[in-house]
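Asks: Residue numbers (UniProt numbering): 1 to 177.
Check the hints yourself; a few may be wrong.
[Said to hold, decoys possible] In silico lysine-lysine, BS3-like type, Cα no more than 27 angstroms apart, as pairs:
(1) Lys86 <-> Lys102
(2) Lys86 <-> Lys66
(3) Lys148 <-> Lys102
If you're looking for bench data, these hints aren't it; they were derived computationally from the structure.
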Amino acid sequence: MPQVLDRFRSSTLGWLVGTLAGWGTCFLFLLGLAGTFYFLAQGMLAGAAWVAPLLLVVAIVVLILKWFENLGIAYEVTEDRLILHKGILRKSIDEIELYRVKDVRIDFSIVNQLADIGTISIASSDETTRDAPLVIRDVAQARARREKLRELVNTARRTRGVREIDMHGDPAEPPLG
1 MPQVLDRFRS STLGWLVGTL AGWGTCFLFL LGLAGTFYFL AQGMLAGAAW VAPLLLVVAI
61 VVLILKWFEN LGIAYEVTED RLILHKGILR KSIDEIELYR VKDVRIDFSI VNQLADIGTI
121 SIASSDETTR DAPLVIRDVA QARARREKLR ELVNTARRTR GVREIDMHGD PAEPPLG
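Can you build the whole structure from these sequences, using the hints too?
Replies: This is the structure we're talking about:
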């Protein structure tokens, strides 16, 4: 069995600190918490006082759902494969052969950069990504992971003697045949 070089999940803490949605969840939580304590201190449990605990509960539910979403998929990188472990109760394992990877892209906003997270997109000729790229959101240390993945892709291609050839026809010329 190949040695695992890296194992990671999307980062819930990174999402919380490094995205506007995460900031909004934190804001809802703090607003709900402050409001709940305020209304309890005032002895007001009737009227619109129920809004503050509701905000608190919504923020907690959003955080729990995001945590379960991130818990449901893990990524392993070996010298020749990217392995996806999906599921909590019902599990599946999918693999992308690194020599088939065509492009590794990273996207990040200004807020993502503050938290050192990013979104890695992987396009390959593998069945897993034939229809759409594999998108891994909220990856901690995304730049370093992308660079390592690119190095491993190039090494896997050299080891297998595979070369990537882009074939683009001239749209002005009719197809042969």
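Asks: Now look at each hint and say whether the structure bears it out.
Replies: Status of the hints after comparison with the structure:
1. Between lysine 86 and lysine 102 the alpha-carbon distance is near 23 angstroms, which keeps this suggested pair within the 27 angstroms criterion.
2. With a CA separation close to 15 angstroms, the supplied pair lysine 86 and lysine 66 stays within the 27 angstroms bound.
3. For a cut-off of 27 angstroms, the pair hint linking lysine 148 to lysine 102 stands: about 15 angstroms separates their Cα positions.
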